[in-house]
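Undergrad: Take a look at the letters that make up each chain.
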Amino acid sequence: MSDRHADLEALSAFVDGEAPEWADHVAGCEACAGSVAALRAVARAVATPVDVPAPMVRERAIAAALAGPGPEPVANGARIRRSSSIPTRWLVPAVAAMILFLVGGAAVVTIGGRHSTSETATVNAPESSAKFATGPGAAADSSAAGPVTDLGDVPDATTLAARARPGLTSRTASGASGAATAAPAAPSAVAAPVPAPAVVGTRPCEEQARARQPSLGPVVYFATARRGSVPAVVLGFSTGPDPAQVTLLMLAQDGCGELLRVAGP
Amino acid sequence: MAAARAGDRAALDRLLRRHYDRLYAVCRRMTGDPADAADACQEAMMAIVRGLPRFDGRSAFATWAYRVTTNACLDELRRRRRRPEPGLPEGPGEPASPVDDAEGAVTRLDLDAALQSLPGDYRAAVVLRDVSGLSYEEIATALDIPAGTVRSRIARGRAALIPLLAAGRNPAAPPERPTST
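Protein chains in written order, with my numbering: chain A, 1 to 265; chain B, 1001 to 1181.
To be clear, the hints were calculated from the coordinates, so they are not data collected in a lab. For glycine and all other residues, C-beta sits at the position ideal for the given N, C-alpha and C. Incorrect hints may appear among the rest.
[What the hints assert, rightly or not] Estimated spans, in silico, between C-beta atoms of each pair: (1) Pro55(A) x Met1001(B): 21 to 27 Å; (2) Glu207(A) x Ala1003(B): 22 to 28 Å; (3) Ser1135(B) x Ala33(A): 32 to 38 Å; (4) Glu207(A) x Ala1060(B): 35 to 41 Å.
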């Protein structure tokens, strides 16, 4: 064995400790030793540790997994089908889209504490019968059961922003007085308002959301929704001194895992 | 594991957290992009939860999870080829390399580009070996291919990477490769 060169596969396997029988040959063969060195260098380069993803990326992935449709028949290791999860890469454009929506419409939604000063009262969205209270003076109403707007199937952050916009706009236009009532309107993208389930109205998942992010302010918006077959709630948290600063969280009703997030720090 | 398979959410949560970072590393090297890696890893997490009740335990959970993750990466890469790249920069994710790490940044770019030049099946074998440290037998199980094919793909993949990575450092010095005699 030692009088002939090892082939590439053998040397690569030797690098991995899977072909120890070539040790003597490599030790005495300059050409093979050089190849082993080159293969080892490649292996080391590929093994370079990757940068750790942001904690939010990990949390979102785990929450999405736990909030998903649950077990379904999957062959052991079979190719997975595309699920209804929202790719992380679209969240940034979605947030940008929401800002454009709200700034262009009337309200202001901020990211990371930056906010516009162009708040206006030119709200023209028709309001529905949603009753969830908003504004500093409306906390007492926040647990009252009553009709709550259902945003329907919300597949992504852009849709969430668009459908929540009427309610946020209403709140921004009148919430500063502390007397406003949230009125998430039936969004134009939804054919017809869907009666909200009676279970809502007590801000489910609020506590869990605060546990994950204590900096969240008071709840100023509430609606129900679903993502595919996953029932969800949508909570809008004030995230700054300006009442227009709102972070929208869409959380699975079962377990309160975070499905979508728009704006906010 | 039993509790997770039975649907215990806390157990599932712990299981996913325990494996996330190493699975993300596979995704990162497989896709060559932090955002794609995040997407693929999220898909993998969801697929693991969905498929866990059918995990038969004949292989280690990690091996099975690597298999699911590799497939998620290959699916993500197929989708990436079909869709336009968004024009906005990625938000949270990998931090920018510090200025004094310019050489390291170049190396990472070279590595990502070089790995992306490999066929997905070859890249998967190389990544599972060099990033995850799986044995050939474990890789064979994870990729559902014979161990001999694993050996061949790793060798060919590395051989293809040698000139690409060497060119990034020293274009004039491609390594010599002996041939069997």
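Undergrad: For each hint, tell me whether it holds in the structure or not.
TA: Status of the hints after comparison with the structure:
1. Pro55(A) x Met1001(B): 21 to 27 Å: 25 Å, holds
2. Glu207(A) x Ala1003(B): 22 to 28 Å: At 24 Å between Cβs, range holds.
3. Ser1135(B) x Ala33(A): 32 to 38 Å: Hint violated: Cβ distance 24 Å, outside 32 to 38 Å.
4. Glu207(A) x Ala1060(B): 35 to 41 Å: 37 Å, holds
When each numbered hint is compared with the structure, a violation occurs for hint 3 only.
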